[in-house]
Amino acid sequence: MASKFRNRGYPDSLLNVPLDNPPSSISQQRVNRMAFVNTYHPFMPMFHGLIRKHWPLLGLSYPTDIGSSKLVKRQTLLATAQKGTFPCLHCLQCSNITRGDKFTHPRSGKRFSIRGFFSCDSTYVIYLIKCPCGLGYVGEATQHIRDRISQHKSTIRCKKLLLPIPAHFISHNHSIAQLRYQIIDSIPVARRVGNRILKLKQLEAYWISCAPNLGTTWPQ
1 MASKFRNRGY
11 PDSLLNVPLD
21 NPPSSISQQR
31 VNRMAFVNTY
41 HPFMPMFHGL
51 IRKHWPLLGL
61 SYPTDIGSSK
71 LVKRQTLLAT
81 AQKGTFPCLH
91 CLQCSNITRG
101 DKFTHPRSGK
111 RFSIRGFFSC
121 DSTYVIYLIK
131 CPCGLGYVGE
141 ATQHIRDRIS
151 QHKSTIRCKK
161 LLLPIPAHFI
171 SHNHSIAQLR
181 YQIIDSIPVA
191 RRVGNRILKL
201 KQLEAYWISC
211 APNLGTTWPQ
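At position 51 of the sequence shown (counting the first as 1) the number is 51 in the UniProt record's numbering, and the numbers step up by one without a gap.
Among these hints, one or two may not hold up.
Said to hold, decoys possible - Using 25 Å as the maximum straight-line C-alpha spacing, the simulated SDA-like pairs for lysine to any residue come out as follows: (1) K153 <-> K201; (2) K83 <-> C94; (3) K102 <-> P56; (4) K83 <-> A167; (5) K130 <-> S108; (6) K153 <-> H172; (7) K199 <-> R115; (8) K102 <-> K199; (9) K102 <-> T123; (10) K199 <-> H172; (11) K159 <-> Q143; (12) K201 <-> F112; (13) K83 <-> H172; (14) K159 <-> L92; (15) K110 <-> I197; (16) K199 <-> S122; (17) K130 <-> A205; (18) K130 <-> R115.
To be verified - Distance windows between CB atoms, simulated: (19) K201 <-> V37: 44 to 50 Å; (20) K199 <-> G109: 18 to 24 Å; (21) K160 <-> K102: 27 to 33 Å; (22) I51 <-> G109: 53 to 59 Å; (23) G194 <-> M46: 35 to 41 Å; (24) G194 <-> P132: 37 to 43 Å; (25) D147 <-> K83: 21 to 27 Å; (26) L163 <-> G134: 18 to 24 Å; (27) K159 <-> R115: 55 to 61 Å; (28) N195 <-> S175: 37 to 43 Å; (29) V37 <-> Y10: 28 to 34 Å; (30) R107 <-> S171: 15 to 21 Å.
It is worth saying that the hints were derived from the structure and are not from the lab. Beta carbons are placed, not taken as given, at the ideal position from N, Cα and C, and that holds for glycine.
Go ahead and model the full structure; you've got the sequences and the hints to work with.
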């Protein structure tokens, strides 16, 4: 093998170096070089171009890591997923959301824990609307919850008195800004085939009448 490389013009000083003892210059080059490793994707050439284009900016943002021999430890443990209801911070319904990982029974004051992470973007959820009187309304939504809350606000503005929420808010002189909502449960995507809408209806009935006597089908 060495003779073949020698015939191609490689110097003996390089060919006589043991494979398990590379030159110090090569070893030093490997130490000072920072490799960017990522999973292959068809768009990787475009991503590679963006990295090279903005590499100076990354160097200014992380001066102790980019282009140095400092080893950055990878995080191997994932943090515990946060639970509760939180605003998405980019819709008009965020101002009406009640943040937190617990919700309070509108009558007994008993507190329940929320078992998942929810925001204004969540779908297939059970939600609890509270008015300033302290009464609660339990409902379900298959669409984004922000769209469902927007519909509730619209019925209050249009004074649709045949519906429970606008009838209560208008009769008690509540404003739309006083409407507060919180997501309390959801039906996740099933691994197997199942009627997700039916399960959502059953979960809504559970929270309305079985958990125990959590709320009401409409404010009373």
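Results for each hint:
1. At most 25 Å may separate the alpha-carbon atoms for a hinted pair to count; K153 and K201 meet this at roughly 22 Å.
2. Between K83 and C94 the alpha-carbon distance is near 17 Å, which keeps this suggested pair within the 25 Å criterion.
3. In summary, the hint linking K102 to P56 is not supported, as the alpha carbons are separated by about 45 Å, beyond the 25 Å threshold.
4. Restraint check for K83 and A167: the C-alpha separation of about 33 Å exceeds 25 Å, so the hint is violated.
5. Simply put, K130 and S108 have alpha-carbon atoms about 14 Å apart, close enough for the 25 Å limit, and the pair holds.
6. Under the criterion of a C-alpha separation no larger than 25 Å, the hint pairing K153 with H172 is consistent with the structure, at around 15 Å.
7. Between K199 and R115 the alpha-carbon distance is near 17 Å, which keeps this suggested pair within the 25 Å criterion.
8. Our distance criterion of 25 Å between C-alpha atoms is met by K102 and K199, whose separation comes to about 23 Å.
9. For the hint pairing K102 with T123, the CA-to-CA distance comes to about 19 Å; that is within 25 Å, so the pair holds.
10. Simply put, K199 and H172 have alpha-carbon atoms about 34 Å apart, too far for the 25 Å limit, and the pair is violated.
11. Between K159 and Q143 the CA atoms are separated by roughly 23 Å; this keeps the pair inside 25 Å, and the hint holds.
12. The hinted pair formed by K201 and F112 meets the criterion: a straight-line CA distance of about 20 Å does not exceed 25 Å.
13. For the proposed pair K83 and H172, the alpha carbon gap of about 33 Å is over 25 Å, so the pair is violated.
14. Under the criterion of a C-alpha separation no larger than 25 Å, the hint pairing K159 with L92 is consistent with the structure, at around 20 Å.
15. Straight-line distance between C-alpha atoms of K110 and I197 comes to about 28 Å, which puts the hinted pair past the 25 Å bound.
16. Restraint check for K199 and S122: satisfied, since their Cα atoms lie roughly 16 Å apart, inside the 25 Å limit.
17. Of the pairs offered as hints, the one joining K130 and A205 holds, with about 18 Å between alpha carbons and a cut-off of 25 Å not exceeded.
18. For a cut-off of 25 Å, the pair hint linking K130 to R115 stands: about 20 Å separates their Cα positions.
19. As the Cβ distance of K201 to V37 is approximately 47 Å, the hint placing it in 44 to 50 Å holds.
20. Distance hint for K199 and G109: a CB-CB separation of about 29 Å, inconsistent with the stated range 18 to 24 Å.
21. With their beta carbons about 32 Å apart, K160 and K102 fall inside the hinted range of 27 to 33 Å.
22. Range check, I51 to G109: about 54 Å between beta-carbon atoms, so the 53 to 59 Å window is met.
23. G194 and M46 have their C-beta atoms about 39 Å apart, which keeps the hinted 35 to 41 Å range intact.
24. Against the hinted window of 37 to 43 Å, the Cβ-Cβ separation of G194 and P132 comes to about 39 Å, which satisfies the hint.
25. A beta carbon spacing of about 23 Å between D147 and K83 agrees with the range 21 to 27 Å that was offered as a hint.
26. Against the hinted window of 18 to 24 Å, the Cβ-Cβ separation of L163 and G134 comes to about 20 Å, which satisfies the hint.
27. Against the hinted window of 55 to 61 Å, the Cβ-Cβ separation of K159 and R115 comes to about 37 Å, which falls outside the hint.
28. Separated by about 38 Å at the C-beta atoms, N195 and S175 satisfy the suggested range of 37 to 43 Å.
29. V37 and Y10 have their C-beta atoms about 30 Å apart, which keeps the hinted 28 to 34 Å range intact.
30. Take R107 and S171: their Cβ atoms lie about 20 Å apart, and the range 15 to 21 Å holds.
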